[in-house]
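Enquirer: Protein chains in written order, with my numbering: chain E, 1 to 713; chain U, 1 to 232.
To be clear, the hints were calculated from the coordinates, so they are not data collected in a lab. In this text, a Cβ means the ideal position worked out from N, Cα and C, and glycines have one as well. A few of these clues could be false.
[To be verified] Now the in silico label distances, taken between C-beta atoms and shown as ranges:
id, chain 1, residue 1, chain 2, residue 2, range
1, U, Trp184, E, Ala561, 20 to 28 angstroms
2, U, Glu204, E, Arg529, 22 to 30 angstroms
3, U, Thr156, E, Asn654, 21 to 29 angstroms
[Stated by the list, open to error] When the alpha-carbon atoms are kept at most 30 angstroms apart in a straight line, the in silico DSS-like pairs for lysine-lysine are as follows:
id, chain 1, residue 1, chain 2, residue 2
4, E, Lys640, U, Lys87
5, E, Lys554, U, Lys144
6, E, Lys691, U, Lys217
7, E, Lys554, U, Lys164
8, E, Lys544, U, Lys87
9, E, Lys636, E, Lys704
10, E, Lys622, E, Lys636
11, E, Lys544, E, Lys481
12, U, Lys225, E, Lys636
13, E, Lys356, E, Lys2
14, E, Lys636, U, Lys87
15, E, Lys544, U, Lys225
16, E, Lys583, U, Lys181
17, U, Lys87, E, Lys585
18, U, Lys217, E, Lys544
19, E, Lys583, U, Lys57
[As the list claims (entries may be wrong)] On the chain U side, residues computed to face chain E include the following (Cβ under 8 angstroms):
id, residue
20, Gly94
21, Asp97
22, Lys185
23, Asp186
24, Pro213
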Amino acid sequence: MKKLKSSLAAKVAASLLLVVMAVGMLYSAIGIGVMYEKGAYSGNGMVQVQESYLKPWCVSNMYNLMERYRYGELPENLDTISGMGFEIYDEKDRLVYASQGIDDSILKTSPYGFNYPAESVIVNRIRGDINSAVITDGSDGDDHYFAEEPFEKEALEEDLPEETAPAEASASTESPAPTETPAPTDSPAPAETRAPTLEPTAAPEEDTVPDISTFVKRYKMVGYVRNDVDSNSHVGSMLRLLSICYAHRTDFIWVLCGSALLALLCFVFLMAAAGHKTGLEGVQSGFTERAPFDLFTLLIAVAGAICCSIAVEFSYVDSIPLQLVGYGLTCAAGVVLCLWWCMSFAVRLKLHTVLKSCICFRVLVWCWQMLKRLWAFAREVFLGMKLLPRAALVIGGILLVEFFWICVCEGNGGMLFGWFVERLVLVALTVYVLLCMKRLLQAGREISEGNLDYHVDTDRMRGPLKEHGEQLNRITEGMTKAVNERMKSEHFRTELITNVSHDIKTPLTSIINYVDLLEKEEIDNDKAREYLAVLSRQSARLKKLIDDLMEASKASTGNVAVNWERCQLNVLLDQCAGEYAEKLKAAQLELVVTKPEEPVVILADGRHMWRVFDNLLSNICKYALAGTRVYLNLEKAEGKAVVTFRNISASQLNISGDELMERFVRGDSSRSTEGSGLGLSIARSLVQLQKGQLDLTVDGDLFKVTLQFNIAE
Amino acid sequence: MYNILVCDDERDIVSALRIYLEPEGYRVLEAYNGQEALEVLSREQVHLVLLDIMMPKLDGISTIARLRETSNVPVIMLTAKSEDSDKVLGLNIGADDYITKPFNPLEVLARVRSQLRRYMQLGGSAVPAGALTIGGISLDDGSKDVTVDGEPVSLTPTEYEILKLLMNNPGRVFSPREMYKLIWKDEPYGAESTVAVHIRHLREKVEINPAEPRYIKAVWGQGYKIERGKQA
Chain E
1 MKKLKSSLAA
11 KVAASLLLVV
21 MAVGMLYSAI
31 GIGVMYEKGA
41 YSGNGMVQVQ
51 ESYLKPWCVS
61 NMYNLMERYR
71 YGELPENLDT
81 ISGMGFEIYD
91 EKDRLVYASQ
101 GIDDSILKTS
111 PYGFNYPAES
121 VIVNRIRGDI
131 NSAVITDGSD
141 GDDHYFAEEP
151 FEKEALEEDL
161 PEETAPAEAS
171 ASTESPAPTE
181 TPAPTDSPAP
191 AETRAPTLEP
201 TAAPEEDTVP
211 DISTFVKRYK
221 MVGYVRNDVD
231 SNSHVGSMLR
241 LLSICYAHRT
251 DFIWVLCGSA
261 LLALLCFVFL
271 MAAAGHKTGL
281 EGVQSGFTER
291 APFDLFTLLI
301 AVAGAICCSI
311 AVEFSYVDSI
321 PLQLVGYGLT
331 CAAGVVLCLW
341 WCMSFAVRLK
351 LHTVLKSCIC
361 FRVLVWCWQM
371 LKRLWAFARE
381 VFLGMKLLPR
391 AALVIGGILL
401 VEFFWICVCE
411 GNGGMLFGWF
421 VERLVLVALT
431 VYVLLCMKRL
441 LQAGREISEG
451 NLDYHVDTDR
461 MRGPLKEHGE
471 QLNRITEGMT
481 KAVNERMKSE
491 HFRTELITNV
501 SHDIKTPLTS
511 IINYVDLLEK
521 EEIDNDKARE
531 YLAVLSRQSA
541 RLKKLIDDLM
551 EASKASTGNV
561 AVNWERCQLN
571 VLLDQCAGEY
581 AEKLKAAQLE
591 LVVTKPEEPV
601 VILADGRHMW
611 RVFDNLLSNI
621 CKYALAGTRV
631 YLNLEKAEGK
641 AVVTFRNISA
651 SQLNISGDEL
661 MERFVRGDSS
671 RSTEGSGLGL
681 SIARSLVQLQ
691 KGQLDLTVDG
701 DLFKVTLQFN
711 IAE
Chain U
1 MYNILVCDDE
11 RDIVSALRIY
21 LEPEGYRVLE
31 AYNGQEALEV
41 LSREQVHLVL
51 LDIMMPKLDG
61 ISTIARLRET
71 SNVPVIMLTA
81 KSEDSDKVLG
91 LNIGADDYIT
101 KPFNPLEVLA
111 RVRSQLRRYM
121 QLGGSAVPAG
131 ALTIGGISLD
141 DGSKDVTVDG
151 EPVSLTPTEY
161 EILKLLMNNP
171 GRVFSPREMY
181 KLIWKDEPYG
191 AESTVAVHIR
201 HLREKVEINP
211 AEPRYIKAVW
221 GQGYKIERGK
231 QA
């Protein structure tokens, strides 16, 4: 099978077979069509078939003859071709011409035994001598003229009923040979003899009648089929053909079916074999496939159209056999064209190149790609522009379109409505942009207020707005990360200090305890006692240092819980003054407290506040110059509660308040051996923790600490 | 003779405590972690436990929880953790008192004494009629006697009045001005700190460690109150 498919000979044979079958189909189909139309399959006899076929054929043939007569052909010539006899009458019903050998006997008798009433045909003959009528007489202009005249037609129709004369047509199929020869030979003679008689009748009429009808002569033709019909004449061959067709009317069907089946088989084979070639695997594109498919189709279609027109031309040919041959040839050509196209189509289908090989498709694809490239380019240019020119471009474009739109509108309501709709869309867009901007604004505000958890929802934003939103989000993310890391490290540090402190405390406990035990032993050695006292003092100091260190680290990193409650500073001052009354007295200091009558309330954690005051007052006890006054002052200023501690330093303060504040830095290295120096730092951290502010001022020997808190409502 | 269980993973501290406690007439039992402490408790009759919090094997908090299932022996925590949350946790779980390291030996002795007295003597003894009792403090308004953990304390009339006022209203916070008006029956006119001074004196007499009072507490910025004692 594969071999067969790729064999060229098989393909050619199949194609030829297909063409032959197609022609056969055509012929059989024509035969069937004619036979069916004339009722051969529904019981009509051959004579009936011939008659029903002959009738319209004769009429049309007579029109042809009349036409030729009108253009000046000699009636005698017409006689011989048609195989029909006819008579021509003028409008006064005078016989102008009768075919040769026509007489009543011929008319009345028929070999078939029936009268054939050929339709009378009336034709206008152009003015002029019938005999000498020249082609130029029947020029286009005249022809055109009378054909268009309506009254002529009416007259023609009126004439029809009265002028119709039954004509006996006789056609003999049985005796074609004897009648064949005399007809052509006889016809010229009577035509010549009769011709002169026509002249006198036609000529005077032309001169006497001056109106339009004088330009036109109306003739009537009565036609009949000769009983001695020549088998070579049109009618004769017609009848012969019909009889053959009638005889083979059933064979036609078989031929049609058989050839159709065979043609189909061939077609299927050819379609399957299309593209296969000897010695090559798979489907190969041939010579035809190089041409673009649509161009190829167009060429085939043009060729097909030419075939059709040739076939149509053949339909004008008088001779039926010639017609049939013409049809057959054109049909064969058409089938070949069709087959060519189909095979090429099949090959392309197999290769999937039907669309690809189309010029149209390629052009479309190219256009589409160009459009895409253009769009990408425009987009790139647009996106590459800075925001301002971009916005200007968009707004300018909108304005321009609107301008032209309104110009074009000219007050047209519908179009103005279009403009209105466009405006609505623009307003909606503006509102959208404003909403996005509002969201961004809100985000900016939140972030600037330190709300790092704020997240801008950029899902429904576009372009630069979205970009901005995402950048804001990234800022918060970055900041949150940094803050978290810092918190983590500080927390870690605090944890470390706490743990280390705990670990130090255990051995320290032993040291303190055993020093204490040693002190209780009765030791005579004074030096030993002195040393023990140092140990005792220093271990106590170490203990305090550790506690302070822990507290300082916690307070400065905010690892201290703040239990917010209303705290009356007046009361706190009293309490602290009371607590420290004796210590101050011991340090020979006089405390002067001034405070307003009405209570000053702040929100703070009382224990932390006490710790602050405790640290500050204990510092004062340690470092203030004995015999001086210590001022403790509370006042309200600009919505704030301000507490000031003022005292005179015992030793000279040669550093600034800021330096004093630094951890482990003291006002003076020699000032004290007790305390850690962390007191101030702890106090400041705790104050800050409670949203207050601690400031330190050194003015000569005046040491001043100022606390500020927001007054609670 | 009372048996006191001292439990700490630091042997030096245990020895030191033994040195302090034995002269006072207590018998000291030793343990070095929570499990040993529980074993000793199940074996011997113990009247008081001194318990470290951070110990190997079984920590102090868990030990308290376990021993509280069977015993109501007084427990004093010894802890290096000075944070409030640790203290609160210990007290909630069943400790009766706490001492932060490094501790003052005298304070330890005082607290031990206090807990033992409360546990052994006052536990069931009748309180005189008309006497106010808060924790270890009792105040007899009839005889004007004040005792702390059974020890008589001598107070000045003002201190007595202050204590009486506070004990009559346990848990209530009195501002200095209020107290001044109620006790001195006069407007303070800048003498409010006097109250604070008296409170301080009172604390020194009543409290074991005045810096960390158990009963008379300052609510800084508001005033003073007396805690509603646990066994009151």
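Enquirer: Within 30 angstroms, alpha carbon to alpha carbon, are U:Lys87 and E:Lys585?
Expert: violated (34 angstroms)
Enquirer: Does the structure keep E:Lys554 and U:Lys164 at a Cα separation of 30 angstroms or less?
Expert: Violated. E:Lys554 to U:Lys164 sits at ~39 angstroms, over the 30 angstroms cutoff.
Enquirer: For the pair supplied as a hint, E:Lys691 and U:Lys217, is the alpha-carbon distance within the 30 angstroms limit?
Expert: Distance of about 26 angstroms is within 30 angstroms: holds.
Enquirer: Mind checking the alpha carbons of E:Lys544 and U:Lys225 for me, to see if they're no more than 30 angstroms apart?
Expert: Answer holds: E:Lys544 to U:Lys225 is near 28 angstroms, not above 30 angstroms.
Enquirer: Given the proposed pairing of E:Lys356 with E:Lys2, does the C-alpha separation stay at or below 30 angstroms?
Expert: holds (28 angstroms)
Enquirer: Determine whether the Cβ-Cβ distance between U:Glu204 and E:Arg529 falls within the hinted range of 22 to 30 angstroms.
Expert: holds (28 angstroms)
Enquirer: If you draw a straight line from the CA of U:Lys217 to the CA of E:Lys544, is it 30 angstroms or shorter?
Expert: holds (23 angstroms)
Enquirer: How about U:Asp186: closest beta carbon in chain E under 8 angstroms, or not?
Expert: Violated, about 16 angstroms.
Enquirer: U:Pro213 was flagged as interface toward chain E. Is the shortest Cβ-Cβ separation under 8 angstroms?
Expert: violated (12 angstroms)
Enquirer: Using Cβ atoms only, decide whether U:Asp97 comes closer than 8 angstroms to chain E, and label the hint accordingly.
Expert: violated (17 angstroms)
Enquirer: Hinted pair, alpha-carbon criterion (30 angstroms max): U:Lys225, E:Lys636. Please report holds or violated.
Expert: holds (28 angstroms)
Enquirer: Compare the distance between the alpha carbons of E:Lys636 and E:Lys704 with 30 angstroms, and conclude whether the hinted pair is satisfied.
Expert: holds (18 angstroms)
The structure does not agree with the numbered hints 1, 3, 4, 5, 7, 11, 14, 17, 19, 20, 21, 22, 23 and 24 stated previously, though it agrees with the rest.
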